[in-house]
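Undergrad: Chains Z and B supply the protein sequences, listed in that same order. Heads up: take any position in the first sequence, counting from 1, add 3, and you land on the working numbering. Heads up: take any position in the second sequence, counting from 1, add 10, and you land on the working numbering.
Hints in this document: simulated from the structure, not taken from any laboratory. Honestly, I wouldn't trust all of these hints.
For lysine-lysine, the following DSSO-like pairs were computed, each having C-alpha atoms within a straight-line distance of at most 27 Å [said to hold, decoys possible]:
| id | chain 1 | residue 1 | chain 2 | residue 2 |
| --- | --- | --- | --- | --- |
| 1 | B | LYS40 | Z | LYS512 |
| 2 | B | LYS64 | Z | LYS126 |
| 3 | Z | LYS422 | B | LYS67 |
| 4 | B | LYS64 | Z | LYS422 |
| 5 | B | LYS67 | B | LYS135 |
Note that the structure is a prediction, hence the values are computed from the model and not measured.
Residues per chain, in single letters:
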Amino acid sequence: MEVQLRDPKVVMKLSKLGSFHQSKLSFLRSFLKEFKDWKYKRDLFELDENGYGRAVYSLKKNNRIYSLVCFANPINDEERSDRVIATKWDAAFVLHDGIPTKKDLERLYNDVPKQEVGRLSYKELTLSRANKSMRIFNHVVESLSQGIQPEKEKLLEVGYLYRTTAVYGSGKFGLADRFRIKDRDEICGPFRLEMMLVYLVRQFTFDQVNHIAKQKNSRKAVELDKEICRNLGIGNSTGLGMAPFIVNHPTLLNNWILAREISLKKIREIKNVKENEAELFKKFLKKSLKNITSWNTDSEFQKKKILCLLRDMEKLIHFLNKDFDFKGEYSFNKLYLWCEQNLKDECIEYIVSLVMEPYDEIITPLIKQMSSDEEKCFNIPTQRNIENLRNILEKNYSEIIKIDFSKKENNQNFWFISKNKEEPRLADRYMEHGSELEQPLAIARDIKILYERISNQKNSLSIGRFLIENNDLRHVVRRAFISETFPYAEIQDNIIGSKLVPIDMLRLKLSFFGAVKFDPRSDKWLRICMFQGAPLANDLESFDDGWIYNSLN
Amino acid sequence: MISLSEIDTTVKRASKAVGFSWGIAEEVGKSIRLLEMFGLPGLRNLNQYYKIYKDKKFQNVGLISKSNISKIPYCPIISGINFLDQIFALQELSEIDFENFAFPILFIPFLSRSSEIIGKKIFLKIDEKEFLLNFNQSIYSNYLNGDIVEKATKIKVKFVENKNTFNEKEWKELYTLSEETFVEESEELKQTAAGAGLTDND
Chain Z
4 MEVQLRDPKV
14 VMKLSKLGSF
24 HQSKLSFLRS
34 FLKEFKDWKY
44 KRDLFELDEN
54 GYGRAVYSLK
64 KNNRIYSLVC
74 FANPINDEER
84 SDRVIATKWD
94 AAFVLHDGIP
104 TKKDLERLYN
114 DVPKQEVGRL
124 SYKELTLSRA
134 NKSMRIFNHV
144 VESLSQGIQP
154 EKEKLLEVGY
164 LYRTTAVYGS
174 GKFGLADRFR
184 IKDRDEICGP
194 FRLEMMLVYL
204 VRQFTFDQVN
214 HIAKQKNSRK
224 AVELDKEICR
234 NLGIGNSTGL
244 GMAPFIVNHP
254 TLLNNWILAR
264 EISLKKIREI
274 KNVKENEAEL
284 FKKFLKKSLK
294 NITSWNTDSE
304 FQKKKILCLL
314 RDMEKLIHFL
324 NKDFDFKGEY
334 SFNKLYLWCE
344 QNLKDECIEY
354 IVSLVMEPYD
364 EIITPLIKQM
374 SSDEEKCFNI
384 PTQRNIENLR
394 NILEKNYSEI
404 IKIDFSKKEN
414 NQNFWFISKN
424 KEEPRLADRY
434 MEHGSELEQP
444 LAIARDIKIL
454 YERISNQKNS
464 LSIGRFLIEN
474 NDLRHVVRRA
484 FISETFPYAE
494 IQDNIIGSKL
504 VPIDMLRLKL
514 SFFGAVKFDP
524 RSDKWLRICM
534 FQGAPLANDL
544 ESFDDGWIYN
554 SLN
Chain B
11 MISLSEIDTT
21 VKRASKAVGF
31 SWGIAEEVGK
41 SIRLLEMFGL
51 PGLRNLNQYY
61 KIYKDKKFQN
71 VGLISKSNIS
81 KIPYCPIISG
91 INFLDQIFAL
101 QELSEIDFEN
111 FAFPILFIPF
121 LSRSSEIIGK
131 KIFLKIDEKE
141 FLLNFNQSIY
151 SNYLNGDIVE
161 KATKIKVKFV
171 ENKNTFNEKE
181 WKELYTLSEE
191 TFVEESEELK
201 QTAAGAGLTD
211 ND
């Protein structure tokens, strides 16, 4: 039986993409899987009694070494901010390619804490900074220094000791360009080095609290219990800066979604699901419930989604217990079809992620296909003609070209780059100034203009000739041809419309990162947690791919 | 050091700021990145060009022909974009000339990319400066000083047919030498090699 890939016009709706969850394909999981047999080491740890100073951690295999360099700095409470406009942080980090020399450490000491206004070199790969969670950091230090473990309940409410506020890579601020490292096998997967940085930062946060506690009271202090450490991750505050990424990288977006869709298709095509596979699915389904019930948020938007997810999960479990048998043929296909008919997107996509769990042999090869060589798709096939372009628009953008952009609400917003932090922002076109400097992210509107512009052009006219007079639409001509080869390259929604929920765009990207516990703080930014439940750096060898469901157990 | 990624992004934004469309700005970003990667002074030339771009007039070539002559200098960006877009038709012309061309170094990356698209090397002569563009993999040139070139009187573009740089005799001599690594097979081994059998008509 052949199952069709899900229709991009359904999958690529923002409400659907905003319901995605982490899965076996997620980058932090595939990172840990790749690096499980690398040798972890703490190479340098020079912190003072308050936990300020520097540290270096490394992962090594054969001749390759990656080193995380950490700088912890004193800051005042009033200086601490998760917003991108902050200029000071509790700690700053950089991932260095190889072992940093003394000279490197001096150079990095001067520049890494400055973050965006510092300069890095081609020897550095990723850059980040983080702030302590003031809700629990001091509580943990105090408890440990008194010889007792911190209150678990309090810890689990937050889930991390530190929150990163940005992670940069790929040539930003002088970091190494991607082309320098892209042929390394171990990083053949998106955001591997960003994940490595965050993972090693997590270890630093544990070492730092242990160190400060010991300095406070060397006789009584105890170390943070390993099991507690394992259940803590790294937080992250993410805003609109991340949203345009998925529009600006259409082939990459396609490859992420396509990997997910191919895995679902292949799993639905399995004729006889083995007993152990069904058991594994059920086991993770049960374990994962704790990830939902411990999902705390003040956001009404997210609360509704969590509630809906929980109700649907109850429905699903009832169905599995009463009316379903994995012994029948194509049982995952039957289960999926039942989900589509009976559940909402939040739960459907949850199950799409969960059904991957028993199938390493399907998922592992797909992980390697989730990167993209974007340069290869950059050239416009100018020898093609208007008829080809029209066919693509009518096939791939059929919903988009129906949108009436003469209506104010469909043109409500514009995306721009803020002058003070060079970060993407969204503003109301009719209330704010600057829409003349709009970024080329109004893809739906520009595709519609393109469609109208070619309506009176001859079918046989070459794209090269058409562009001579129409280069103002060159950016969407390029995208249209990309969408021909990459069916999941385009969001099938209007991202300048008044109904846009920007955090749907963030959620999509973060789910592929492997984030959990999405906690929207407004419709424009959210907090998440990464690596909660992951093995500690010293225990990487005993890696278990289902670690994400171990948290909070 | 400024990374290529930073160059790409900043050039794209600067190109939009001087008045090019976003689609063209993307092309310029990629092109300057390419020049810098090949060690050619793309950013310096572009910076100088954009300083005068708004105040001076430049000719925007539309359809490129075998001979292109203009009283006011050709814009290297619009010329480059149109060269790239029309490359399949242009290669039929074998040679293309331009007279009076502004900041010709900025024209190079578009030709380099064109070379990759059609699978032919392109020879470019900017007055006395010569460039061989090899499928967008490398650029061979006698222009090494990295100076800003504000204007070219004559530009010649020549499509190089795919042919070897050596003759038949030289190839045979080297091939004969390579044969010295081969081993003569015994009759017995020949009988058991793939395809050996009583008949292939089965």
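Undergrad: Are the hints correct? Go through all of them and say.
TA: Now the hints, each set against the structure:
1. B:LYS40 / Z:LYS512: holds (25 Å)
2. B:LYS64 / Z:LYS126: Violated - the C-alpha atoms of LYS126 of chain Z and LYS64 of chain B are around 39 Å apart, more than 27 Å.
3. Z:LYS422 / B:LYS67: violated (30 Å)
4. B:LYS64 / Z:LYS422: Given that 27 Å is the threshold and the Cα spacing comes to 23 Å, the pair holds.
5. B:LYS67 / B:LYS135: holds (24 Å)
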